[in-house]
Amino acid sequence: FPRYQIGESLLPANMPLFAKLGVAEEIERVGMEKWGATFVSPTHDRISGFQFADATDASMPMAYQVRRSEFDEILFRRAQRVVMEARENCRVRDVEVGDRKTPPRVLATDRDGTTHEWRPKFVVDATGRDTFIASKMKIKRRNPEHNSSAMYGHFRNAVRDCGKAEGNIIILWFDHGWYWYIP
Numbered sequence: 001f002p003r004y005q006i007g008e009s010l011l012p013a014n015m016p017l018f019a020k021l022g023v024a025e026e027i028e029r030v031g032m033e034k035w036g037a038t039f040v041s042p043t044h045d046r047i048s049g050f051q052f053a054d055a056t057d058a059s060m061p062m063a064y065q066v067r068r069s070e071f072d073e074i075l076f077r078r079a080q081r082v083v084m085e086a087r088e089n090c091r092v093r094d095v096e097v098g099d100r101k102t103p104p105r106v107l108a109t110d111r112d113g114t115t116h117e118w119r120p121k122f123v124v125d126a127t128g129r130d131t132f133i134a135s136k137m138k139i140k141r142r143n144p145e146h147n148s149s150a151m152y153g154h155f156r157n158a159v160r161d162c163g164k165a166e167g168n169i170i171i172l173w174f175d176h177g178w179y180w181y182i183p
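Numbering follows this note's numbering, in which position 158 of the sequence shown is assigned residue number 158; successive positions increment by one, without gaps.
Just so you know, the hints here were simulated from the structure itself, not pulled from any lab data. All C-beta atoms, glycine included, are put in the ideal place defined by N, C-alpha and C. This list has only true hints and no planted wrong ones.
Have a look at the derived ranges for each label pair, beta carbon to beta carbon:
no., residue 1, residue 2, range
1, A19, A134, 28 to 38 angstroms
2, P42, I6, 22 to 32 angstroms
3, D99, C162, 55 to 65 angstroms
4, A134, P61, 35 to 45 angstroms
5, A13, G49, 11 to 21 angstroms
6, V159, G113, 46 to 56 angstroms
7, A13, M151, 23 to 33 angstroms
8, E25, D99, 39 to 49 angstroms
Sequences are here, hints too, so could you generate the full structure?
Okay, here's the thing in structure tokens:
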């Protein structure tokens, strides 16, 4: 850690969870306040926005934009401090999901080639789009209705909204998709 990932645009409902996990202050230090979102039409003639405070639960009025590498490291370091054995520079090679009688089994190899085996109570596949376990079990299926691709870029001196809206995500849609601008 930290490992580069595209940024993360958090939502207000995350905030109580971060407090419960004991990382709220750290996320506040690295985050940019986000009080809502702005939507822009394909022709830019309609702009509509909302404030999280006006949504279903006014007790959660804001969230943060965070650099994903910093966010992931905060969560990982917290987990190291409180509950888990955490390994860095270690690649999972195999997972057996187990059943009611047999616990899961995880095999991993560290940087120097040493193989490690764990029998945890449960396994969370946090590999994102790689879907390690679903791919291994051959249960990953492509949705033919969701033919998507993604690309990203970083810009310097980009213009942002002013005031409280400075950290808002801006979402622009068009006939065949959408894109977002995360300050």
